[in-house]
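**Q** Chain residues, written in single-letter form:
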Amino acid sequence: MIEVQNVTKRYGDLTAIERVTFSVNKGEVLAFLGPNGAGKTTTMRILTCFMPATEGVARVAGYDCFEQPLEVKRRIGYLPETPPLYHELTVQEYLTFVGRLRGMSTENFRSGLDRVVERLSLGEVRHRSIGNLSRGYQQRVGLAQALLHNPPVLILDEPTVGLDPKQIIEIRELIKSLAGSHTVILSTHILPEATAVCQRVVIINAGRIVAVDRPDRLSARLRRSEKISLRVKAPPAGLAERFRALPGVQSVFEPTDTGAFLLECELGRDLRDEIARFVVENGWGLLELKTISMTLEDVFLHLTQHEEGMVGEGEEARTPSKEQSRV
Amino acid sequence: MTPVHAIIAKELRSYFVSPIVYVVGAVFLLSFGVLSYLLVQIASALALRQMQIQGAAAQLNLNELFFRPVFYWTGFLIFLILLPLLTMRLFAEERKLRTFELLMTTPIGINEIVVGKFLSVYLVFLGLLGLTGVVPLILSAFSSFDWNPVLTGYLGLVLMGALFLATGVFASALTENQIIAALLSFGLLFLLWLLGVMGANLGDTTLGNVLSYLSFGEHFDHLLRGLIDTKDVVYYVSGMFLMLFLSHRVVEAQRWK
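Just so you know, the sequences run in chain order A and B.
Going letter by letter, the first sequence gives residues 1 to 327 in the working numbering.
Going letter by letter, the second sequence gives residues 1 to 257 in the working numbering.
No lab work stands behind these hints: they were computed from the structure.
Subject to a maximum C-alpha distance of 20 Å in a straight line, what follows is the list of computed EDC-like cross-link-like pairs (lysine to aspartate or glutamate):
| # | chain 1 | residue 1 | chain 2 | residue 2 |
| --- | --- | --- | --- | --- |
| 1 | B | 257 | A | 67 |
| 2 | A | 26 | A | 71 |
| 3 | B | 231 | B | 218 |
| 4 | A | 227 | A | 241 |
| 5 | B | 257 | A | 81 |
| 6 | B | 96 | A | 88 |
| 7 | B | 96 | A | 81 |
As the structure is a computational prediction, the values presented were derived from the model and not from experiment.
Extracted from the complex, chain A is given alone in its bound form (with noise of 0.2 Å):
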């Protein structure tokens, strides 16, 4: 439905976004996951004809984003960073305006405006002017907008800003609903919510991609060990070094409180059990213990921080090039 080939975008002598490609199903939800500068407006951007490509060819729905930017637009429901809203104008007037200029027939206005208002749960709000309604109003009017013409695809720059946990949870379960008939791009750095209501995540950096997969398998991916934290009592002296001589612990790192410790097994080995035994046995007292596993935080931070190149769908996972301790 979507497909982005090695796409760049200069502004002047600066570089938004290099050779950026992926590509989205029909019906999948895909999140643009990135710190703040990373190019995910710029994609989008592009994406929505607002701007063309320095460079590459982005397509939506099989046209061209430059060669036919009216189909294109036709075919997408698009809300910006910060949405686009006429403060002087109602809801409802500011949706009738966007209707007609979408080119609405009255019948089919008149049914997208009662299915985003009852969505949204603007009923309340319709008669208000804009510029008085809170910041989650505000948005969710954004977003009706972007749904007003129930198009095939949508393109939402972070939806859920603004809101508060409940309405973000609303807009979450919103977008997951529209998944399947509909195909979404959003983009966040709420990483939580790229694993609640997407199917796959694009990570992209400093104008480049750094991942595209799965949630669980990114972090899956990226885990070099099995990670054990355990919490004990009584730690006699040189404990680390007790624990190190276990088979299968690789590394043992110790936290400045005392006690807490973070081992590094072997990956595919569960050392629970038997770290479990070796503490209780020797009667220091296990007061926790328990795996850790990489969350998509964990992913992120590793992508953006170091920047190691491409972990590409059907890649094969790396050896790690340097120990990490991370808690």
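Place chain B on chain A using the hints.
**A** Coordinates of chain B only, in the frame set by chain A:
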């Protein structure tokens, strides 16, 4: 309803909920009214003096004494100062508030955006200008004058307004700061006026004629005298289209930055 209609309707709505139209309209009508009052005063003083000299009712030419100066000052001074204030928000505000992204990502062309915005401000302008029609109507009840130069004078103002507003649209497309947009269109129009003065100084030379043609002064003067020359109408209409075309180019060029 086509997208152009949608833009016109929306812009009109925005104009009338913001104070700008009311303020500009009030200042415009007040200036026009005071200007008319002063000129009527001058004309009547002149009539009185003529009556004393000739000892009979004077034959005053209101077209010469009243309408030409009123239209002249309205076109040159009032329009030059006030019309940039009407156009300054058209593109600058959309850029500032990032609503431009909406317009540019809906399936409408830049043509439609430029034309829609221009027509909306032009309608506001025509409405304001229409209100000044009260003055000749009242005068016609108390005196007699030739309506033809009055109507061509209005035609001159209508054409002048089109050129000024199109220039304002262009200036607004260049920046996201409304004040800069207003100053820019004022500056452009003022320079265009001075070009005519320069042309007049140079007299009947090639450069002098070219400069006079480029400026709106001479063309406006013909219309005020009651002459409708195709050349003058073509000047205004082509000037308006040039400015709208330039606005289109600027909006398009900004996508590439």
